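For chain Y, the structure is supplied; the task is to place chain Z on it using the hints.
These protein sequence lines are chains Y and Z, in that order.
Heads up, the first sequence is in the numbering used here, so the first residue is 154 and it goes up one at a time.
Heads up, the second sequence is in the numbering used here, so the first residue is 154 and it goes up one at a time.
There is no bait here: all hints are sound.
For chains that are exact copies, the list does not tell them apart, and a pair is met inside one copy or across any two.
The calculated lysine-lysine pairs, modelled on DSS-like cross-linking and capped at a C-alpha distance of 27 Å, are:
no. : residue 1 : residue 2
1   : K629      : K563
2   : K491      : K267
3   : K504      : K491
4   : K491      : K290
5   : K446      : K625
6   : K469      : K563
7   : K864      : K825
Everything labelled a hint here was simulated from the structure, so no lab data went into it.
None of these values were measured; they are calculated from a predicted model.
There are 2 protein chains.
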Amino acid sequence: MRKIFLTAFAAFAVTAAASEVVKSPDGNLSLTFDLNEQGTPVYSMEYKGKAVVNPSKLGVELKTGKSLTDGFRLLRTTRDTFDETWTPVWGETKTIRNNYNEMAVRLAQDDNGKERYMIIRFRMYNDGMGLRYEWPKQENLTYFVIKEEHTQFAMTGDHKAYWIPGDYDTQEYDYCVCRLSEIRDEMHKYLNPENASTTVFSPTGVQTALQLKTDDGIYLNIHEAACVNYSTMSLNLDDKNLVFESWLTPDAVGDKGYMMAPCKSPWRTVMVVDNACKALDSKLILNLNEPCKIEDTSWIHPTKYMGVWWEMITGKGSWAYTNATAVNLDSINYAAMKPNGIHSANNENVKRYIDFASKHGFDELLVEGWNIGWEDWIGNMKDYVFDFVTPNPDFDIEALNKYAHEKGIKLMMHHETSGSLRNYERHMEAAYDLMNKYGYDAVKSGYVGPIIPRGEHHYGQWANNHYLYAIKQAAKHKIMVNAHEATRPTGLCRTYPNLVGNESARGTEYQAFGGTLPHHVTILPFTRLQGGPMDYTPGIFCMDISKFAPNNTSKVNSTLCNQLALYVTLYSPLQMAADMPENYERYMDAFQFIKDVAVDWDDSKYLAAEPGEYIIAARKAKGTDNWFVGGVTNGDARTMPVAFDFLDKDRKYVVTVYADAKDADYETNPEKYVITKGTVTSKDAVKMYMARGGGFAMSIYPATDADKGLKKLKIK
Amino acid sequence: MRKIFLTAFAAFAVTAAASEVVKSPDGNLSLTFDLNEQGTPVYSMEYKGKAVVNPSKLGVELKTGKSLTDGFRLLRTTRDTFDETWTPVWGETKTIRNNYNEMAVRLAQDDNGKERYMIIRFRMYNDGMGLRYEWPKQENLTYFVIKEEHTQFAMTGDHKAYWIPGDYDTQEYDYCVCRLSEIRDEMHKYLNPENASTTVFSPTGVQTALQLKTDDGIYLNIHEAACVNYSTMSLNLDDKNLVFESWLTPDAVGDKGYMMAPCKSPWRTVMVVDNACKALDSKLILNLNEPCKIEDTSWIHPTKYMGVWWEMITGKGSWAYTNATAVNLDSINYAAMKPNGIHSANNENVKRYIDFASKHGFDELLVEGWNIGWEDWIGNMKDYVFDFVTPNPDFDIEALNKYAHEKGIKLMMHHETSGSLRNYERHMEAAYDLMNKYGYDAVKSGYVGPIIPRGEHHYGQWANNHYLYAIKQAAKHKIMVNAHEATRPTGLCRTYPNLVGNESARGTEYQAFGGTLPHHVTILPFTRLQGGPMDYTPGIFCMDISKFAPNNTSKVNSTLCNQLALYVTLYSPLQMAADMPENYERYMDAFQFIKDVAVDWDDSKYLAAEPGEYIIAARKAKGTDNWFVGGVTNGDARTMPVAFDFLDKDRKYVVTVYADAKDADYETNPEKYVITKGTVTSKDAVKMYMARGGGFAMSIYPATDADKGLKKLKIK
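Extracted from the complex, chain Y is given alone in its bound form:
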């Protein structure tokens, strides 16, 4: 009976025995889909006729019942093509073209006589591919629990990889660059048993976005897009066969996803380009996300800000108001407690920052440590850790906001949650109300430490659901969100552009925690930044931290010009000048670049790039004819040509160049720079020296009469 049924159905349903192929609009990238003998979905990819992804299986293993991994039949294939240009609320370019060919294969699986359906949708772009699983509304599959997703990415060779370890709770690693076959050996340096907050899951597990380079000079990048109500994907490498496979973040009981059809997975993406600059140009992740769902976006704005922050990060000051070892927010009486005397977020100090930030044209000033609860916020798995509404006694929230507003800037709110998600959600509405009351329009949120509810992870479905909830609730209050320690972004800022930033990688703070490898900033744009902007917090001008925080021997592994370049090379609509006023005051000529540089753009051009080595980017400031150029190198000094051919032809520009001095060096002489000013046209080119850990920056504007005495730019 069953056999007859199946045969009859198959005759009706199967539309294709041969492989299904879909190509990118330019025809260079092609994907072949098939079902193997076990009925398992398999895809492979070619670029310009050459394999870039070997046959790779697709499927999802369920916690109970028959898994969605094999026994499939192809019911039908539908195809579509799409070409649209959309305008981001903020971004690297004024408009973004979203152009792909789509193929969706509708698969059927017999589950003890009951038919179940799964669609795999492929979108082929000129620079890459996205695929996702879709479970349409159907009779025999509604609620299901994912034990593991088994999406493979079979590599064609022992590629070079730019990777950090797969981890359920932190992304704040230095990158390792090595061959795929070397990952297992290199993993040891990340397995520090003293670091209890890491949850590395496999000796060959890595995070996305994973940048790869083939020996043929093809740049591959594996990531995901639009991760909504799903846990974050890492990749586990079968290093015998060089096959990556998806590895989802589990929840407290080990499950990896609670699904209800109709539903879909995030997009799994493979970028394929033959030039590193194209990798940085790619809008693959943004394009695979849904259009903006916020109707009125007029309140969302790019922001350049300073912060009462670096002095606490370095240990000069304190977030906490007292030296108490534990505080109960229900009963604490700060009036009866002794202040520790180093609380940075005090009225006087905050005013000092307001004065400086407003004088130099910043939009906002972040103040961390403004609220009560910092005495025991970390390391205690404390549930009710902050209330998000009560200032410390020395922070006059009303007066300081008034003072800032009178000076033309806003304060930026800070919500450290300490990973206590329920507590944050309980106080969220009141916290956002408080912000509205005092005129805050942006919040930096933080998720330091293990997640509460205990057993959940930073990148699981539970926490991912929370992060998006916080963003949506903030939008109702017209609040922009910059979430730190949240999961790595997957382009959701297209849909919710009030998500103006994330940390979700190793940021500048690590320069105060022992330092970061100089190549870091040459890799981030290929990896972490693919999913959305990072609040990297550049702009450090004093590289020897012990100069102002004597107990901290950490050095910032960067030259001052490298720090300037980051405002251009690390795209973000939210850029911080992270250092303290007193450190900027020693280099006001260099600080001028930070004052001048834009944070929103009409156009961006990557002039040169190689992951782990260097990046040079030029960007045209929004609504102007001004350009800014930044260049960074890794731990090697190098000289790179910069042609000004991105400028309008037949027009003269004035360029100010901020360059490492010849004797600059991130280790020995990091703050040595030379500023040069001159004129250029689109026909000109210069050679720019970058010291070890160095870089350069340029600000460019069309020449006016006032510049007529200026000579041609000459870089010595």
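Showing chain Z alone in chain Y's frame:
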């Protein structure tokens, strides 16, 4: 060095080598505290000179570091006495006397040269003892994680126990009555592998409140009071030595408590009385709770209510509006869906109930199924399962509330959470706002199904924290809470009297799910009701459910008069008439008792009681001279004397008696009753017959001129 240190400290600190004794105010109950050779705290109890609790260890095992179980020294003992009479917002009596002698032992423990402190506080009442652990603010112990609490209750013999299995997620069991040594054998009937929702943790694990009876006729009861920010305690029996030990509910990762000093455990209580009526009189649990923390309690009121409920529970009607198998609340369009035609919470049906309930003087009408989401609310671990604010299309929330208010009653809100705690908390404020908007002042909440976050349990610290959060937030909105499937109460209704009821035991609904043992209602007041009132939902008048719900063959194991008696024997400020108007309309003379009976009292007298066999209670209605009497029996018929000596002397009363007919029987003839009216004085007595599963009820009021023709009560 360390030895010297310890010796010096000991000489300074130890104040007592001998045992410490504390007695109840009447001197009958005494407790002896000591430290054994390992420095482990040990207590024992005597009643009238005879051991009732053998030497039992105390202590708390920690997840990391040295446990708080041994190595203690006694630093000092402080004593206090307390005698106060307080007035409950609602209750069984007008005032409650809180009279105890207290002894607190301050213990010190050396943890590698660092001293840690723990206080064990004992309170001795005439009817029992409470002890708790307290961790004062101290240098060397602030944050700690409890692996297990090891509070022992060593029994002096193989007592009779009235117990249900220890379980992390349900309390809705029929009771077992057996010797302690028989529990292991009897447990098998609860271990049903088909019931996935049970999480029985041990073959000798039982829940509190645990009623025990010694062969000497002493009634012991082990429970807890004031369980706040702590997980619920069960008891595990070492059945070789007859020692119970605390067994806390774990969280998702197996931990049992996250603590931050200063903090304390709930009270662990042992009631000791020589008469079953005294056990029911006891206010031990309420007295061990903190006084009321709600300043204005004027909005809290006892409530008699009906509900659109029994027709769904029995299967006659439906909570859901459609027969869809899954709904997505974000996208559902009910207008495009086909109604199932049996949705009970429809305008017409609700009006019918409003008409009936208002006509007969009820305060409120509960309506379940009013809101969207019931199609797939159970069994799917669905996170976003209800929004708590959107009515089904056939429930006009504005019009129905208006209609009810015009008729002098309120609607009662219903919030089923399906165990999805985060989802409820996210919508709670809006849900309570909606209630305020439409004039609801009470909510029945429910927690059916596994808890989300997954891995948490109904009785763990996480969920307990949630239940109290919901109560506190409700109080801000002047909303009374009646939480079902929440943890068993521990007297918190004294502190938060807007907690007007809980289910937290096997309620009347099980009479529609296959039936409940007749002895159930003779045990609940000894066990479940010790911690606070239960929304038992009595008042069923049609015991053969198939008469109106043909597919349901369940029978209500009770006579109609037993149902009437429950309004008196099961004290609650919230009493439901749970059956449907059409069933009441067939017995309007008996229904008169439900109309008449009070729900708040100035006095209560237990006239006769034996757990598992019978209870007879008399209560004096608040602010009146009216009394109501109820008697229930188990599966055995019996005749019991009732003396009216609780009435004022030298005064004539009119009594209406609702009694099982001679041929009544819960199985064969449950709805047969006889109503008799006559006069009585305090010198009179009658003999009341109770059928198998039966009972009787009486309403009594002072005779007036209108009653002068009435004859002396005579029960045939």
